[in-house]
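Undergrad: Each chain is listed here by its residues.
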Amino acid sequence: MYSEKVMDHFSNPRNVGEIPDACGVGEVGNPVCGDIMKISIKVEDNIITDIKFKTFGCGAAIATSSMVTEMAKGKTIEEALKITKQAVADMLDGLPPQKMHCSNLAADALHKAIEDYKNSQDK
Amino acid sequence: MRRVYFDHSATTPVHPLVAEEVYRFMTEHNYGNPSSLHYFGQIARKALDESREKVAKAIGAKSEEIIFTSGGTESDNMAIHGAALTNIKRGNHVITSAVEHHAALNAVKALAKQGFSVTVLPVDQYGMVNVDDVEKAITDKTILISIMHANNEVGTIMPIAEIGKVVKDRGIIFHVDAVQSLGKIPVNVDDLGIDLLTVSGHKIYGPKGIGALYVRKGTRWRPTLFHGGAQERLRRAGTENVPGIVGLGKAAELAMENMEAENKRLLTLRDKLIGEVTKRFSHVRLTGHPTIRLPNHASFVFEYIEGESVLLSLDMKGIAASTGSACASGSLEPSHVLLSMGIPHEIAHGSIRLTLGAGNTEEDVDYFLEAMGPIVERFRSMSPLSEE
Amino acid sequence: MRRVYFDHSATTPVHPLVAEEVYRFMTEHNYGNPSSLHYFGQIARKALDESREKVAKAIGAKSEEIIFTSGGTESDNMAIHGAALTNIKRGNHVITSAVEHHAALNAVKALAKQGFSVTVLPVDQYGMVNVDDVEKAITDKTILISIMHANNEVGTIMPIAEIGKVVKDRGIIFHVDAVQSLGKIPVNVDDLGIDLLTVSGHKIYGPKGIGALYVRKGTRWRPTLFHGGAQERLRRAGTENVPGIVGLGKAAELAMENMEAENKRLLTLRDKLIGEVTKRFSHVRLTGHPTIRLPNHASFVFEYIEGESVLLSLDMKGIAASTGSACASGSLEPSHVLLSMGIPHEIAHGSIRLTLGAGNTEEDVDYFLEAMGPIVERFRSMSPLSEE
Ligand SMILES: Cc1ncc(COP(=O)(O)O)c(C=O)c1O
Ligand SMILES: Cc1ncc(COP(=O)(O)O)c(C=O)c1O
Ligand code: FES
Ligand code: FES
Numbered sequence: 001m002y003s004e005k006v007m008d009h010f011s012n013p014r015n016v017g018e019i020p021d022a023c024g025v026g027e028v029g030n031p032v033c034g035d036i037m038k039i040s041i042k043v044e045d046n047i048i049t050d051i052k053f054k055t056f057g058c059g060a061a062i063a064t065s066s067m068v069t070e071m072a073k074g075k076t077i078e079e080a081l082k083i084t085k086q087a088v089a090d091m092l093d094g095l096p097p098q099k100m101h102c103s104n105l106a107a108d109a110l111h112k113a114i115e116d117y118k119n120s121q122d123k
Numbered sequence: 001m002r003r004v005y006f007d008h009s010a011t012t013p014v015h016p017l018v019a020e021e022v023y024r025f026m027t028e029h030n031y032g033n034p035s036s037l038h039y040f041g042q043i044a045r046k047a048l049d050e051s052r053e054k055v056a057k058a059i060g061a062k063s064e065e066i067i068f069t070s071g072g073t074e075s076d077n078m079a080i081h082g083a084a085l086t087n088i089k090r091g092n093h094v095i096t097s098a099v100e101h102h103a104a105l106n107a108v109k110a111l112a113k114q115g116f117s118v119t120v121l122p123v124d125q126y127g128m129v130n131v132d133d134v135e136k137a138i139t140d141k142t143i144l145i146s147i148m149h150a151n152n153e154v155g156t157i158m159p160i161a162e163i164g165k166v167v168k169d170r171g172i173i174f175h176v177d178a179v180q181s182l183g184k185i186p187v188n189v190d191d192l193g194i195d196l197l198t199v200s201g202h203k204i205y206g207p208k209g210i211g212a213l214y215v216r217k218g219t220r221w222r223p224t225l226f227h228g229g230a231q232e233r234l235r236r237a238g239t240e241n242v243p244g245i246v247g248l249g250k251a252a253e254l255a256m257e258n259m260e261a262e263n264k265r266l267l268t269l270r271d272k273l274i275g276e277v278t279k280r281f282s283h284v285r286l287t288g289h290p291t292i293r294l295p296n297h298a299s300f301v302f303e304y305i306e307g308e309s310v311l312l313s314l315d316m317k318g319i320a321a322s323t324g325s326a327c328a329s330g331s332l333e334p335s336h337v338l339l340s341m342g343i344p345h346e347i348a349h350g351s352i353r354l355t356l357g358a359g360n361t362e363e364d365v366d367y368f369l370e371a372m373g374p375i376v377e378r379f380r381s382m383s384p385l386s387e388e
Numbered sequence: 001m002r003r004v005y006f007d008h009s010a011t012t013p014v015h016p017l018v019a020e021e022v023y024r025f026m027t028e029h030n031y032g033n034p035s036s037l038h039y040f041g042q043i044a045r046k047a048l049d050e051s052r053e054k055v056a057k058a059i060g061a062k063s064e065e066i067i068f069t070s071g072g073t074e075s076d077n078m079a080i081h082g083a084a085l086t087n088i089k090r091g092n093h094v095i096t097s098a099v100e101h102h103a104a105l106n107a108v109k110a111l112a113k114q115g116f117s118v119t120v121l122p123v124d125q126y127g128m129v130n131v132d133d134v135e136k137a138i139t140d141k142t143i144l145i146s147i148m149h150a151n152n153e154v155g156t157i158m159p160i161a162e163i164g165k166v167v168k169d170r171g172i173i174f175h176v177d178a179v180q181s182l183g184k185i186p187v188n189v190d191d192l193g194i195d196l197l198t199v200s201g202h203k204i205y206g207p208k209g210i211g212a213l214y215v216r217k218g219t220r221w222r223p224t225l226f227h228g229g230a231q232e233r234l235r236r237a238g239t240e241n242v243p244g245i246v247g248l249g250k251a252a253e254l255a256m257e258n259m260e261a262e263n264k265r266l267l268t269l270r271d272k273l274i275g276e277v278t279k280r281f282s283h284v285r286l287t288g289h290p291t292i293r294l295p296n297h298a299s300f301v302f303e304y305i306e307g308e309s310v311l312l313s314l315d316m317k318g319i320a321a322s323t324g325s326a327c328a329s330g331s332l333e334p335s336h337v338l339l340s341m342g343i344p345h346e347i348a349h350g351s352i353r354l355t356l357g358a359g360n361t362e363e364d365v366d367y368f369l370e371a372m373g374p375i376v377e378r379f380r381s382m383s384p385l386s387e388e
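Chains as they are written, first to last, in the working numbering: chain A, 1 to 123; chain B, 1 to 388; chain C, 1 to 388.
The hints are simulated quantities; they were obtained by calculation from the structure and are not laboratory data.
We put the beta carbon where it would ideally sit given N, CA and C, even for glycine.
Be careful, since some hints might not be right.
As the list claims (entries may be wrong) - Here are the in silico distance ranges between beta carbons for each label pair:
id, chain 1, residue 1, chain 2, residue 2, range
1, C, P384, B, E28, 39 to 45 Å
2, B, R3, A, K82, 27 to 33 Å
3, C, G115, B, G330, 31 to 37 Å
4, C, Y367, B, A230, 29 to 35 Å
5, C, P186, B, I292, 39 to 45 Å
6, B, H345, A, N46, 36 to 42 Å
7, C, N188, B, K136, 55 to 61 Å
8, A, P20, B, M316, 30 to 36 Å
9, C, E64, B, K168, 44 to 50 Å
10, B, E370, C, E260, 54 to 60 Å
11, A, N119, B, K113, 48 to 54 Å
12, B, M316, C, G218, 38 to 44 Å
13, C, D124, B, K57, 51 to 57 Å
14, C, P186, B, E50, 36 to 42 Å
Assemble the whole structure, with the sequences as input and the hints as a guide.
TA: Right under this line is the structure:
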């Protein structure tokens, strides 16, 4: 059902955990199936230097969380904001159609974390 | 890799003797059409009769009360629509339960769209239908009650004999889906007071794509699904699936022979599984009734973890299990059975079902318990919900 | 005893390679439920996909346009009721022919009881539907036309491509029962302009109890027969008959590989059979079209004799044939096909159908011709009708 890449990220997820003194945290719940994903980021000089996730969800949710953290790490805020659910799915060599909403979740959590960071900067 | 199949409620391996019979009826001189008058046809006809006898015997019925179908889904649909449409002049009320298999539940819901009035009975925390609820739901318009014998997702065994007594002599047709119970607990249509009974081959070590519907003699029931030839004494059109039917007969026969000993064996394994899982892990509970449940059925909800990902991890260890998690369902809805039992959406997420069968040993149980430890730990540590 | 099976339109022996595949998918690790996420389930899922591809290829369709069913009867019912009920708001007129198989004909007749208006087209003396008749029958209420590709009783091949052209671009759904034609003549849903197509496994050296329905992408068609699980992308509920499906796929593949050579071979046998029967016996005629007929199909009416008794006598010689005689039918009605062709009741009595297949040789034909002589003679001498 899942690609080898998905299974790899599912079995060996990158960047699992929480950053204690995170600059931004994004938590999203999946309206479709009810799963939850939390991403915390560390930003230095507009660059995401560290990123971690925690996910309560299916194989695709775990793999997309892992992938999105890998994709975002080292990127500027602007670049990271351009990461779409499609880009995440593509990097995983695709997802089954009924699982596309899981990659939505990952992209959303990342964007929310960035928003949270920006909000804290504005204050 | 070691392979442990713990998904016998989904489907079972075909018993080697059944597989041989099926093979035999595709080859040699045994491939005839039972409607044919010649030698080849008559071999097939005889095989049908013998098989019908065996299936009848397994449920305490008469051979002419058995109709062969393409499986449990067809039988449920045939039973429910046939009974409802045949009795539409006598009433329009149908009773079922919230935890039926979709084949029955959706067939009843389709009736609701056709103007029938439908009562879907709730269940208790164990997934059990209450006999008093059935009695209270009955009106003078009630024509059909459809309740499953044992639940596929949580293993709970329903009080069918008691419901049968309530229904008796009221002129109401009582349909029971015995897909999960047959071969695991005694199913006798007279003892249980059943008018229509659904059987599926592939849950009792028989072939897929074959099932049966028992119709008690004298029941006001007509077939409404298929139009066509005169097969099955005008009750189910279509060239009979002879190899499948022969396989179902053999499977039913073997199930009866093995039931007692096999279920004693599985009960021990099941109880070890339930005991150890609830002992070793925190935030886990058994779903379904603790004792009034199928002897091969262990089902749980693990808090803070999601079933599909557990399944994938178990699969990597060679263990085949199943889940009622929303993520694993085509519709992205959690199991209607778990929700009906009052289990919240997020906890239903962590459902894991382990259903044992013929090939399983105590080593399989131990292997599972060992594999499951790190998996639960890993997902809980990954979960934003877990306090651990 | 020498056994000659001349009843391939009733059912066929299962090809040895098909039987092996079916067996294989009941055993080893291949018994999983295709809905299961684990290893066992995924093996089964993959087998389904491959089989769907093979069936699609055999009829020039796309894999996602194939739905697996329990056989020809289910496919016909699914096609006809699904199309009619889905389009009820667009019109209520359905066209079919008088010589359809009962699965289609009775499904259409059931629609008539539900308020649909039905035109049953007549056929000519050869059992052929006239294209102009189809065109004339179409009204602005017509939503469905169901015509078989080749007739099971008399072998006549209908002008499906021409009907397809007439139907095209009128927003009418065109259903074709290809149970008898597939594997014997080319069946391409695009060339023929077909929207829904019925396939049955056991007529093409595949298993019994398995069939397929082709539904052209974009066709206004919804399943109306079964309620239940989400199998076959919500188009056919019920655990998939994986071994049967694998068998059907293999059978479809083999049929395509063998069709040309095999049918050349059978055509020679058939023509010898027809030639010799009409030469050797008096008061006998071919039924169905003399040339536009299935390459394996020879069917006759013998005056002054009754089909069932001929069948029994042939059977005693080891020859398996069939008849449309009233005496051999469950309903004691002669074949509706023969009657529709204008053959009188008493002559339909003497119908004999010989349908050739894979195992048959020229020796079989000779053996039949020799056996038939004394049988015809005996019954004619016994008949009060015969002038001989
Ligand atoms: C209780 C119950 N009823 C009906 C069915 C449907 O049977 P089948 O899959 O043979 O159509 C199943 C299994 O899928 C079942 O568990
Ligand atoms: C033309 C035709 N349609 C439909 C059917 C029904 O198919 P099945 O017997 O697989 O239900 C048959 C054969 O019996 C047939 O010959
Ligand atoms: S998180 Fe529920 S389907 Fe992926
Ligand atoms: S003469 Fe016996 S059935 Fe026709």
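Undergrad: Check the following: the C-beta atoms of N119(A) and K113(B) are separated by a distance inside 48 to 54 Å.
TA: Given a distance of about 50 Å, which is inside 48 to 54 Å, the answer is holds.
Undergrad: Within 31 to 37 Å: is that where the Cβ-Cβ distance between G115(C) and G330(B) falls?
TA: holds (34 Å)
Undergrad: If I claimed the Cβ atoms of P384(C) and E28(B) lie 39 to 45 Å apart, would that claim hold in this structure?
TA: holds (42 Å)
Undergrad: Does the beta carbon distance between R3(B) and K82(A) stay inside 27 to 33 Å, or does it fall outside?
TA: violated (44 Å)
Undergrad: Note whether the CB distance of P20(A) and M316(B) lies within 30 to 36 Å or breaks it.
TA: Given range 30 to 36 Å: holds, Cβ gap about 31 Å.
Undergrad: Could you tell me whether the CB distance from D124(C) to K57(B) stays inside 51 to 57 Å?
TA: Cβ of D124(C) to Cβ of K57(B): about 52 Å, so the range 51 to 57 Å holds.
Undergrad: Measuring from beta carbon to beta carbon, are P186(C) and I292(B) in 39 to 45 Å?
TA: violated (59 Å)
Undergrad: Do E64(C) and K168(B) keep their Cβ atoms within the hinted range of 44 to 50 Å?
TA: holds (49 Å)
Undergrad: Assuming the hint says 55 to 61 Å, is it satisfied by the Cβ distance from N188(C) to K136(B) or not?
TA: Taking Cβ atoms as reference, N188(C) and K136(B) lie about 60 Å apart, which means the hint holds.
Undergrad: Lying within 29 to 35 Å: is that true of the beta-carbon distance Y367(C) to A230(B)?
TA: Distance hint for Y367(C), A230(B) holds at roughly 32 Å.
Undergrad: Quick check: does the Cβ-Cβ distance between E370(B) and E260(C) fall within 54 to 60 Å?
TA: Once the Cβ atoms are compared, 58 Å apart, the range 54 to 60 Å for E260(C) and E370(B) holds.
Undergrad: Assuming the hint says 36 to 42 Å, is it satisfied by the Cβ distance from P186(C) to E50(B) or not?
TA: holds (41 Å)
In this structure, the earlier hints numbered 2, 5 are contradicted, and the remaining ones agree with it.
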